[in-house]
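Participant: Sequences and hints are given; from them, build the entire structure.
There are 2 protein chains.
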Amino acid sequence: MNVALALDAMSGDRGPEVIVAAALAALKHHGNLTLLLVGDESCLRQLLPSVVEFDPSRLRIVHAPEVVSMHERPSIALRNKRNSSMRVAIDLVKNAEAAACVSSGNTGALMAIARFVLKTLPGIDRPAICTALPGVTRPTHMLDLGANVDSTSEELFRFAVMGSVLASAIDNTPSPKVALLNIGQEEIKGNDTVKQTAALLEASELNYAGFVEGDDIFASKVDVIVCDGFVGNVALKASEGVAHLVKHVMREEFSRGLLSRLMAGIASPVLGRVGRRMDPRRYNGASFLGLRGSVVKSHGSADALSFEYAIDEAILEVEKKVPERISDLLEHLLVARKED
Amino acid sequence: MNVALALDAMSGDRGPEVIVAAALAALKHHGNLTLLLVGDESCLRQLLPSVVEFDPSRLRIVHAPEVVSMHERPSIALRNKRNSSMRVAIDLVKNAEAAACVSSGNTGALMAIARFVLKTLPGIDRPAICTALPGVTRPTHMLDLGANVDSTSEELFRFAVMGSVLASAIDNTPSPKVALLNIGQEEIKGNDTVKQTAALLEASELNYAGFVEGDDIFASKVDVIVCDGFVGNVALKASEGVAHLVKHVMREEFSRGLLSRLMAGIASPVLGRVGRRMDPRRYNGASFLGLRGSVVKSHGSADALSFEYAIDEAILEVEKKVPERISDLLEHLLVARKED
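Top line first, the protein sequences correspond to chains A and B. For the numbering used here, add 335 to where a residue sits in the first sequence, where the first one is 1. For the numbering used here, add 335 to where a residue sits in the second sequence, where the first one is 1.
Because the hints were derived from the structure by calculation, they are not lab data. Keep in mind the model is a prediction, meaning the values are calculated, not measured. Where is the CB? At the ideal position from N, CA and C, for every residue including glycine. Please note: incorrect hints may appear among the correct ones.
As the list claims (entries may be wrong) - To give a feel for the contact side, a few chain B residues facing chain A, derived at Cβ under 10 Å: (1) Leu480; (2) Ile518; (3) Val529; (4) Arg591; (5) Arg608.
Facilitator: Set out below in structure tokens:
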């Protein structure tokens, strides 16, 4: 199956160079891929190598003169930046010229524009942000990571449906284990919303595995962890903070004097392997779920390798028809609930 | 100043041996310390070395025949375990025989009993759990870590006051920087409770530093981070999960074949230093704040060294009169607010 993606080539912290490099690499790795590079035409044209090694019909530049900046308010970007690379890329998905869009731009603006242009799926009011996180033996998908700050139990239930479809599609798991993020103290186990969501999940056909706690996110215990966007965002960023602290301490200790530096040199093959396994770039590409179309958000600071992982994520979502499957499963579950 | 502490010697996962070992070590390190070991008398007596190297008046066994188990419901423990080591230890604080209590038992039960026996300070309805977390250059105190699941802005404001007093006392900082934990997306920056708390903090005399995100917890940016107990508990445990994952990956990679194991051996002095700096035992001892008395919760799996850190925390809180100072500062801030 041929897959056409629209890449927002102008957003992100590192400029269009990394997007173009990622695009060329992805075209090499995926024979069925067509890419629409959206952004300033003359700028992008200069970045393309003079000798193009692949069929030029597979890489097309779509001109967009404006850029949504990283700190622009989503409402302003939505209203005033109709010719931005971000907006035009999403318009291409709306017009079915592309099956999905990948952007490393401003998350809030991307969500606002995607929601406005593409609309949400039937039964979904609130899209959610989902990403895979590394675990001891395999990754776990977690959502919502910050698209919403207050969620009802019905919304959390729908996040569970969306996460289950994504995990099933990406990991080829027929019936992913879905858990609710909670806190561990007995009497006060969870707030009312979490308890009500648990009841909805227990009564559903989803493979509901009960509550998990924060440390289970990285323990490969379940396939999907559901939480509200405030909690998910804090947990994700706190985890990044710890990883950063460990790296900082390792670097400090391994550069403390000549002997330590020598040891770092000797141990570097193993330290390199550890670094590669924990490399956040491998987990780049957060899915906006619940929209009529696939939108993948790359980290703002993504380099070319990292952005290519986000492209891979978008290709998989398109090939596995994630939005359609979310819509079908949700409808099925809601009908089943009524019949009970 | 002489400090008397009551140690719940029977709770925790590792039994009274580690508590007794920690007690003996603490008595050696603190000349002004008296300890009341609360638990089964014959069991504890057997664990004490025959030749006691210190003034026996500094270590007294207080008999308590029952134990609160790790998974007992707090309400049941409160009602039925009036002769438990946990309850008797807290009673000793109530009766002013001890200035503080340290326990590695069931957190929910400890909080329920402490709250019932000691009562909360004037102006405080909800005690909170606070701990220091490691940072790039210095630790940050974070609360609440799970005593409450839903908190109003007034409650979060009081957590900020309590955290500020604790940070000031422990770190000798006259005016600790206090921040609110929030998520990073612009338009939707925080829920209503967080926004209202920010307004209360801005109008107060506390050294309010604005919002921080999850990754700032470990960045040594501020002295105190305030959040509700659900978010705090998840963030704390997610961080433990990442630390555990890093350790797991390091161990796996450094034991992959003879060469890697050799490198591990060579690099072990540096890896040891990294391990010591990141050692969670050094951060053991969570403070229950907002009570008429000091209660320090040690991790359930604490070893003797780790439990001794919790004892140190309790000594500092007593010496610095943390409960009294919380009460005074809160009263002062609430009067100032009325006068505005």
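Participant: Would you mind marking each hint as holding or not holding in the structure?
Facilitator: Consistency of the hints with the structure:
A hinted interface residue such as Leu480 of chain B counts as satisfied when its beta carbon comes closer than 10 Å to some beta carbon of chain A; here the least separation is about 9 Å, so the hint holds. At a threshold of 10 Å, the smallest CB-CB gap from Ile518 of chain B to chain A is about 4 Å, leaving the interface hint in force. Given hint, Val529 of chain B at the interface with chain A, holds; its Cβ is 8 Å from that chain's nearest Cβ, closer than 10 Å. For Arg591 of chain B, the interface hint holds, the least distance from its beta-carbon to any beta-carbon of chain A being 8 Å, beneath 10 Å.
At about 5 Å, the closest approach between the beta carbon of Arg608 of chain B and any beta carbon in chain A falls short of 10 Å, and the interface hint on this residue holds.
Of the numbered hints given earlier, the model fails none.
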